[in-house]
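**Student:** Chains A and B, in that order, are what the protein sequence lines are. So the first sequence is numbered by full-length UniProt numbering: it starts at 1 and just counts up by one. So the second sequence is numbered by full-length UniProt numbering: it starts at 1 and just counts up by one.
These are calculated hints, taken from the structure and not from any lab test. Beta carbons: idealized from backbone N, C-alpha and C, even for Gly. Heads up, none of these hints are tricks.
Not the full set, but computed from the structure, chain B residues with beta-carbon under 7 Å of chain A:
no., residue
1, V76
2, N77
3, Q86
4, V90
5, A182
6, E189
7, I194
8, L263
Number of protein chains: 2
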Amino acid sequence: MDYRDLFFVDPDKTLKLKDVDPAYKGHHETAEAAAADTARYQSELMSRQSLLYAEKNHSVLIVLQALDAGGKDGTVNHVFAAFNPQGANVTGFKQPTPLELAHDFLWRVHPHAPAKGEIAIFNRSHYEDVLVTRVHKLIDKPTLTARYARIREFEKGLAEAGTTILKFFLHISKEEQLARFAERLDDPERNWKISESDYAERALWDDYTIAFEEALSATSTRHAPWFVIPANHKWFRNLAVSQIVADTMDDLHMSYPKPTVDLADIRRKYHAAEKAEKKQQTN
Amino acid sequence: MDYRDLFFVDPDKTLKLKDVDPAYKGHHETAEAAAADTARYQSELMSRQSLLYAEKNHSVLIVLQALDAGGKDGTVNHVFAAFNPQGANVTGFKQPTPLELAHDFLWRVHPHAPAKGEIAIFNRSHYEDVLVTRVHKLIDKPTLTARYARIREFEKGLAEAGTTILKFFLHISKEEQLARFAERLDDPERNWKISESDYAERALWDDYTIAFEEALSATSTRHAPWFVIPANHKWFRNLAVSQIVADTMDDLHMSYPKPTVDLADIRRKYHAAEKAEKKQQTN
Chain A
1 MDYRDLFFVD
11 PDKTLKLKDV
21 DPAYKGHHET
31 AEAAAADTAR
41 YQSELMSRQS
51 LLYAEKNHSV
61 LIVLQALDAG
71 GKDGTVNHVF
81 AAFNPQGANV
91 TGFKQPTPLE
101 LAHDFLWRVH
111 PHAPAKGEIA
121 IFNRSHYEDV
131 LVTRVHKLID
141 KPTLTARYAR
151 IREFEKGLAE
161 AGTTILKFFL
171 HISKEEQLAR
181 FAERLDDPER
191 NWKISESDYA
201 ERALWDDYTI
211 AFEEALSATS
221 TRHAPWFVIP
231 ANHKWFRNLA
241 VSQIVADTMD
251 DLHMSYPKPT
261 VDLADIRRKY
271 HAAEKAEKKQ
281 QTN
Chain B
1 MDYRDLFFVD
11 PDKTLKLKDV
21 DPAYKGHHET
31 AEAAAADTAR
41 YQSELMSRQS
51 LLYAEKNHSV
61 LIVLQALDAG
71 GKDGTVNHVF
81 AAFNPQGANV
91 TGFKQPTPLE
101 LAHDFLWRVH
111 PHAPAKGEIA
121 IFNRSHYEDV
131 LVTRVHKLID
141 KPTLTARYAR
151 IREFEKGLAE
161 AGTTILKFFL
171 HISKEEQLAR
181 FAERLDDPER
191 NWKISESDYA
201 ERALWDDYTI
211 AFEEALSATS
221 TRHAPWFVIP
231 ANHKWFRNLA
241 VSQIVADTMD
251 DLHMSYPKPT
261 VDLADIRRKY
271 HAAEKAEKKQ
281 QTN
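Construct the entire structure; sequences and hints are all you get.
**Tutor:** Next up, the structure:
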């Protein structure tokens, strides 16, 4: 099963999130059954990153969006920890600062686009500017429509410059969110993060659903696709995201560069001499 | 054995790298024997990072320097891959660009200093500006001396702002370097990196040794210590660096913040209601 086909947000169709089962598990019944496949994709991520870094022809941008407790941090820590941290950069976009707000909404994002050979992971992104701003009525309808267009153009420009873009919406049910909030309440390593606003945002669930459905449809393209990932089961989310990124990087058909020097010559000039020298020393 | 004491570069003594055995293995004879200890320190790195991120009182800056093939990349990939990539940022400093050269030598470094809650790892660093520049006679003696002072002041400022600084020189023997170069020649995933200049730099080994000895002595302080890590054995290098970072973060005595909301109140207001609602639905 190629999850790129199954979870792709087709811009020519109307996305209805209620049609996607957040508890979907594919052909694996349990985390244990999926573990070997996930490990294989993780290992592919490592080797493909090594090729990407060596070849320096492509770059990769991964965007993660979700409602609170949707699993963005978990995906970073469990899927993308497979990458060598050198060459894979995670940027978390928080509430914009006054300086950032004084610029166009892509100004703070652009500097974090990946260079050739590199992978950038956005934990939240420029999509917040068509999601949270819309739900809280900070922007009007024409601004929203204009921003969809700006995002499409921005991403097209990145793609033309050699960036492979993959965008994931981690889709959980409303019940699963509450269950995850409840887990946090009981966990002293995480309960310091809880605020009333988590619950206030939760009350806007239906507004966020509409905002996501529209934003994803308006900005999913072949060169910058959105995927709706069923994410109630963390192990399935990790499997699906790993597979989609690994398969996509595989399709780049990368190869290691040829040596720029004559290897035989280098061996003769430097290594043979050193061996002789060493031999002489030991005599 | 606290490797912080054993490998610390005492600024009041004259550092002689030939007095440090690059093949040192501590009390472990083999990689297998050290594996459990290294795994324990790695797991401590993960939990301490989580505390660092939560508390947001401290930041950590790790500097890696070594001659070619000394193991900087390997240390990033094997030791610091333990960190959650969100909140641990690796910066590789390459040959400066014309724009960077048009500024003071710390200009390109400062923006990568870690924010509170974060860890920054420098693969090469501002120390290149007192090492490679000195060996290649790009700077004169007064400039070198002035740069030592600038570095000490810069790091003092970071330390005063809550940054814990740890600097590692990965120390390998000249023979080990040649053996690692030879391995690269035979490895199609790495032989594309080989250039004649690697061997040209190798010919300057003694000049680099003097440059490192002087730079480390001139800039090792209690708040920004240098450690000379025996690095012929990669497993020992990984163990020693893991231990030093883990023990140092442990000494920060961090704790999770207290919740800012009344947890019982949150439970009552949001979770009790939801349970009742759910019960009603199932009735």
